Amino acid sequence: SQELEQSPQSLIVQEGKNLTINCTSSKTLYGLYWYKQKYGEGLIFLMMLQKGGEEKSHEKITAKLDEKKQQSSLHITASQPSHAGIYLCGAADYGGSQGNLIFGKGTKLSVKP
Amino acid sequence: SQTIHQWPATLVQPVGSPLSLECTVEGTSNPNLYWYRQAAGRGLQLLFYSVGIGQISSEVPQNLSASRPQDRQFILSSKKLLLSDSGFYLCAWSVRTASNEKLFFGSGTQLSVL
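Residue numbers (my numbering), protein chains in the order written: chain A, 422 to 534; chain B, 288 to 401.
Worth flagging that the hints you see were computed from the coordinates, not collected in a lab.
Bear in mind the structure is a predicted one, so any value in this text is a computation, not a measurement.
Quick reminder that beta carbons are idealized off the backbone N, C-alpha and C, glycines included.
Heads up, a few of these hints could be off.
[Claimed, not checked] Listed next, the in silico SDA-like pairs over lysine to any residue satisfying Cα-Cα at most 25 Å (straight line):
no. : chain 1 : residue 1 : chain 2 : residue 2
1   : A       : K477      : B       : A296
2   : A       : K481      : A       : F466
3   : A       : K529      : B       : A296
4   : A       : K448      : A       : Q491
5   : A       : K459      : B       : S354
6   : B       : K389      : A       : I482
7   : A       : K533      : A       : Q491
[Claimed, not checked] Pulled from the structure, derived: some chain A residues nowhere near chain B, Cβ distances all over 12 Å:
no. : residue
8   : E424
9   : V434
10  : G437
11  : L440
12  : S447
13  : K448
14  : E462
15  : G473
16  : S478
17  : H479
18  : T498
19  : K526
Use the sequences and the hints to build the structure in full.
Put into structure tokens, the structure is as follows:
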């Protein structure tokens, strides 16, 4: 079955700094999803990428799916305290049933003011 | 617009007691429904999914069960909780299209089994 590995597991950055979170899949990605979770809350959908080389941006967050479709990166520019939380990547596991999403273990981001 | 409600937000239960977590979706019909568990250091794990009333698929063997008595209602249950059942439980729904499936999550239930 497909597995997603996220790096780093946790990250502490100074406000205003840029950062990148990576998500690597053991298999080809047919759809890569980025979610953000605040502690003890549900997941908020950020972006979905499907095509190799695709890049999407939302406010100061940019996500890209590499050409070989086995890795995605999430880049935050000029981080702010509001960016703090757990970022999870999810992928459609078409090797399983119903194409349900599987998730990485998450990257915990802390932004120091 | 669609909304998903999940309750309770937090729950503390003794070992051996029963469990019932409820999730309802509004504003859509015939959604796919999911129960995920998020345990510390173990990421998000799919427990059950349902594509219709009375149709439940289990992804992992466990002490829990799920039911879908109505189109937009999904219930997670246990007859006797174990310590290992502690975790953060998330309900989600989706409408699957031909090319992608996007999940929308509830706010979660923090379950502590003592």
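If you check each hint against the structure, which ones fail? Per hint list: 1, 5, 7, 8, 14, 19 violated.
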